[in-house]
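Given two chains presented individually in distinct reference frames, assemble the corresponding complex, making use of the accompanying hints.
As a plain string of letters, each chain reads:
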Amino acid sequence: MKKRKKGYISTLLYHTFIWIFGFFMLYPVLWLIGSSFKGDADIFQRAHHLIPTQWEFSNYIEGWKGFGGISFAVFFKNSFIVATLTTIGQVVSSAFVAYGFSRVRFKGKKILFGCMIITMLLPSQVLIIPQYIMFSKLGWINSFKPLIIPAFFGLPFFIFLMMQFIQGIPKELDESAKIDGCNHMGILLRIIIPLLVPALMTSAIFAFYWRWQDFFGPLLYLQTPGKYTVSLALRMFSDPAAVTNWGAMFAMSVLSLVPVIILFIAFQRYIVEGISTSGLKG
Amino acid sequence: MVFAKGLNKQRKRRNDYNNLAGYAFISPWLIGFILFTVIPIGASFALSFTRYDLVSPPKWVGLENYKTMFLHDERYMSALKATFSYVFVAVPLRLIFALFIAVLLVKDRKMVSAYRAAFYIPSLIGGSVAVAVMWRQLFGANGALNSILIELGIIDKGIGWIGNPHTAIWTLILLAAWQFGSPMLIFVAGLKQIPTSYYEAAYIDGANSWQRFIRITIPLLTPIIFFNFIMQTISGFMAFTESYLITGGGPFDKTLFYALYLFEKAFKFYDMGYGCAMAWVLLLIIGIFTALIFKSSNYWVYYESKGEW
Numbered sequence: 001m002k003k004r005k006k007g008y009i010s011t012l013l014y015h016t017f018i019w020i021f022g023f024f025m026l027y028p029v030l031w032l033i034g035s036s037f038k039g040d041a042d043i044f045q046r047a048h049h050l051i052p053t054q055w056e057f058s059n060y061i062e063g064w065k066g067f068g069g070i071s072f073a074v075f076f077k078n079s080f081i082v083a084t085l086t087t088i089g090q091v092v093s094s095a096f097v098a099y100g101f102s103r104v105r106f107k108g109k110k111i112l113f114g115c116m117i118i119t120m121l122l123p124s125q126v127l128i129i130p131q132y133i134m135f136s137k138l139g140w141i142n143s144f145k146p147l148i149i150p151a152f153f154g155l156p157f158f159i160f161l162m163m164q165f166i167q168g169i170p171k172e173l174d175e176s177a178k179i180d181g182c183n184h185m186g187i188l189l190r191i192i193i194p195l196l197v198p199a200l201m202t203s204a205i206f207a208f209y210w211r212w213q214d215f216f217g218p219l220l221y222l223q224t225p226g227k228y229t230v231s232l233a234l235r236m237f238s239d240p241a242a243v244t245n246w247g248a249m250f251a252m253s254v255l256s257l258v259p260v261i262i263l264f265i266a267f268q269r270y271i272v273e274g275i276s277t278s279g280l281k282g
Numbered sequence: 001m002v003f004a005k006g007l008n009k010q011r012k013r014r015n016d017y018n019n020l021a022g023y024a025f026i027s028p029w030l031i032g033f034i035l036f037t038v039i040p041i042g043a044s045f046a047l048s049f050t051r052y053d054l055v056s057p058p059k060w061v062g063l064e065n066y067k068t069m070f071l072h073d074e075r076y077m078s079a080l081k082a083t084f085s086y087v088f089v090a091v092p093l094r095l096i097f098a099l100f101i102a103v104l105l106v107k108d109r110k111m112v113s114a115y116r117a118a119f120y121i122p123s124l125i126g127g128s129v130a131v132a133v134m135w136r137q138l139f140g141a142n143g144a145l146n147s148i149l150i151e152l153g154i155i156d157k158g159i160g161w162i163g164n165p166h167t168a169i170w171t172l173i174l175l176a177a178w179q180f181g182s183p184m185l186i187f188v189a190g191l192k193q194i195p196t197s198y199y200e201a202a203y204i205d206g207a208n209s210w211q212r213f214i215r216i217t218i219p220l221l222t223p224i225i226f227f228n229f230i231m232q233t234i235s236g237f238m239a240f241t242e243s244y245l246i247t248g249g250g251p252f253d254k255t256l257f258y259a260l261y262l263f264e265k266a267f268k269f270y271d272m273g274y275g276c277a278m279a280w281v282l283l284l285i286i287g288i289f290t291a292l293i294f295k296s297s298n299y300w301v302y303y304e305s306k307g308e309w
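Each protein sequence line maps, in turn, to chains A and B.
Sequential numbering from 1 applies to the first sequence in the numbering used here.
Sequential numbering from 1 applies to the second sequence in the numbering used here.
I should point out that these hints are in silico values taken from the structure, not numbers from a laboratory.
Reference excerpt, derived from the structure (chain B facing chain A, CB under 7 Å, subset only):
| id | residue |
| --- | --- |
| 1 | Asn18 |
| 2 | Ser182 |
| 3 | Ala189 |
Under the rule of at most 27 Å between Cα atoms (straight-line distance), these lysine-lysine pairs were calculated in the DSSO-like manner:
| id | chain 1 | residue 1 | chain 2 | residue 2 |
| --- | --- | --- | --- | --- |
| 4 | A | Lys171 | B | Lys9 |
| 5 | A | Lys107 | B | Lys12 |
| 6 | B | Lys12 | A | Lys109 |
| 7 | B | Lys107 | A | Lys6 |
| 8 | A | Lys110 | B | Lys12 |
Computed beta-carbon distance windows for the label pairs:
| id | chain 1 | residue 1 | chain 2 | residue 2 | range |
| --- | --- | --- | --- | --- | --- |
| 9 | B | Ile218 | A | Leu12 | 21 to 29 Å |
| 10 | B | Ser296 | A | Ile117 | 17 to 25 Å |
| 11 | A | Pro225 | B | Arg51 | 28 to 36 Å |
| 12 | B | Gly250 | A | Pro225 | 19 to 27 Å |
| 13 | A | Gln164 | B | Glu64 | 42 to 50 Å |
| 14 | B | Tyr198 | A | Glu62 | 54 to 62 Å |
| 15 | B | Leu93 | A | Gln164 | 27 to 35 Å |
| 16 | A | Leu138 | B | Ile150 | 51 to 59 Å |
| 17 | B | Ala207 | A | Pro170 | 39 to 47 Å |
| 18 | A | Ile117 | B | Val55 | 35 to 43 Å |
| 19 | B | Ala207 | A | Lys5 | 17 to 25 Å |
| 20 | B | Gly250 | A | Pro170 | 57 to 65 Å |
| 21 | A | Ile118 | B | Phe88 | 24 to 32 Å |
| 22 | A | Asp40 | B | Glu64 | 51 to 59 Å |
Beta carbons: idealized from backbone N, C-alpha and C, even for Gly.
So here's chain B without its partners, still in its complex pose (with noise of 0.2 Å):
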């Protein structure tokens, strides 16, 4: 009996000790996490029923923000449309580019590694302000694609790919699309984990490389392209630089992406509630998709044993 009290009083101690080293390695995120996560989400929630400028303390409106955006606010409506063109476009585009390469860059050659190195450098320095710069001049009216165009006789005075509101927006959809290198990375290292064997038997089988791509490639590669498609999508309606530096949003509010509207509102207008409100409903947009997303998977996603991935 005291022996088992003294074994009990040990534990404890042990216990009390790990509690204690646990919650002290931890306290870094912890803090931070309270910090920099939870107050602010509670103080955006919060601010998303205000008028508040930054100045004078907020001003209670209650729903009035998020009737606003959906009723009156027809900027608003144009920017959910450009992010969404934006998003069911480029997404897509750039995942088929990413997995096409992939497929091309995962056979044994020479250079492949080199190969994919070089297919990888548009991602790498595709969210920098150099290459929006660069983007804007090779896009401009006396761009690059204007003057190949004139070379070859296409055309013969430059169009203003950025200024003219049917184009613009396929500039940044094109940019995002150059960037397929991250993706591409995450398929090749997927495609290196489909055993060779299955080629061979389906090789035996007397299918060619068309139905080994759609019926052994494709379905092994679907939990890695249900993870490339929520990631791309999620960044996809955050996407900001883009329109900021290259189109301002403009012509015609035709490229003013969700993020950048948000910021506007807040940063430029100090109308900070509506921008908390904005947040709100971007969090929502984006929970629905993914749970969507999610759900779908069922469908089309092929687990070879099921919850490993």
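So here's chain A without its partners, still in its complex pose (with noise of 0.2 Å):
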């Protein structure tokens, strides 16, 4: 009897504690959402409310209109042809390379596999001034090509983690498969790539995450604001020395938000283990 009563409010102080911390790490994404609606006056007057006095929708209205005769319309449609494109490129060819590096004998695999962990851990820094000299001289530069053709060279992350899936199968599967004819194009097209599903989700979702999130490629290689995505188009937007209508601000703050929490919402589970088995950060 006793016993039971010290659990329940355990339980209690458990999940008023969880209530309190967790409103206090959402305090500032609930408060983004509610100065979306606010008016201008309830921007300054009432900062911290969560709340508007009015809800005003025209925050919407006037922030979808962007800037320099351009609207959101096509920063986003920019944004979903890049990211899409991105995640196709990456997801297509790291399933290739992954199944070169799991499931076929070749001379010179290991030290290659090697060289594929060691770029990994290389900061793009040092990458970056040469790609952007190299994507110059080739006329890339105001593009989505330097955003979208490297994707298509596979991504040493998913390499890595469609591989873990991969070796997850059992290689009888290949076996008698090959028995009936199949050559390697054949294995992975038909026992592999059915069973692997769950990691090229994985994949997907990242890399459409990333790219849609990215600020530093289309900052680096995106000048003419018809070619921004919405990231971009969102700091120029905000830039301070410009802003006059804060409130359409938060309001587009927000709907480049809405993407990437509907991904959140709908595929959760693989969200969650990409990052728990893998350490793929999010």
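Written out as structure tokens, the structure is:
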């Protein structure tokens, strides 16, 4: 009887603590959403309040108009094009490479695999400047090419993730397919790919999400507003020297997060598993 | 003899097929590796000994870029200082929060997975421009934090947290600590691996929950702590977006992160050679820290069965 009561109190304390801490954690996000519905006066005079005195949907309409005559429809379209193509490129190419590294025996495999692992730890700063020079010599600056084309050459993180997954698929399946006359391509397409779907999903979600939020790439390579992705447009839109309509800026900030949140809610399981099993950073 | 020769031939043909197939499958990565990694690394190293502005051809200057960096560039020193203080404070803070919440959220209670998702949200959106915009407003002179403090009567006039040289870096550290979601999820996964029988045995021996945490949880979790520590330290040294968007490196270069200064040098002043030299020193710094953490792991990382992790 006594023990039960003690358990009840500790449960209560536990949930109370989590809720209070959680509120502080999520306060900034809730505040951002709340502010996106506030009128101009509300934003400054009652800055910390989460709920607007009057719900102001005009922020979204005003914000959507964008700047320089280019609406956020264009920026969203650009982001979708870049993120979708990057995702397709990275996932498809990584699957091929992962198969090669885990199921085909060939000369030099170990050394090359080692090289791939090392590149995962290489700070990107070392590569950025020469890559920029290379892309500018190719005339790719101010186009989506530098963001999309390298994606078709595989991403070591995803290759590694898929390899771990392929290792869990019994080799007997390959053998029997081989007896049935399948070559490597056949084994990959008929046996491995259908079983690899969870790893492909995890990779696809992260690929899309990383490119969607990516700021550095667009900052480096996209120059005219018509080419901007959402993240870059948001930065120009929120330039401290130029901002006049704060509500609109908050509204567009919220909108830019919507695809990410939807992805998270729909595929939470893959995201959580991706992080906890392979240390993919989110 | 003839038979053996035939077998050898067959084996050779199979090996040839496998070699060909192997390289065909990994060719996307291999070509990308050469084009986007090997060649850029070589170029970056060579360029670090030159002055190059993208327009006129590179001019060989020997070690001058490196010398300038350490002897004559005060902003470079500011960048080092800002980056080190950020990494040394933000990374441990983030890991402590992550571990603390992970311990709470590994329990078999109601709502635990919803809680985990909620605590992960800051990490999910943390790198975005939207969050940077939000942070700037939260800590701005007219922002929410000041509004709360005024309401509570702690201050009577707004403080510009981001414009103040003493507090600016703390707004960025707080932003980093706020995003503890990924290491938290990794800790949760690690905590789940610890057999409950260990805790039961310790409980029977009379160990209280603190003792069980110190004697069982922490030692068995050290491989995961090690992993998180390395990954977070590396990414901490490479932090860019936060300082670029929120503080712009100011005030007085107090938040001028290494990656931001490198970006400014290379893409604002078009001093590509200097940028490359900076990148190589960054690589060296990260390499040294990673090596130090690896070396130290002999003393504090506990492996249940050697080489399993």
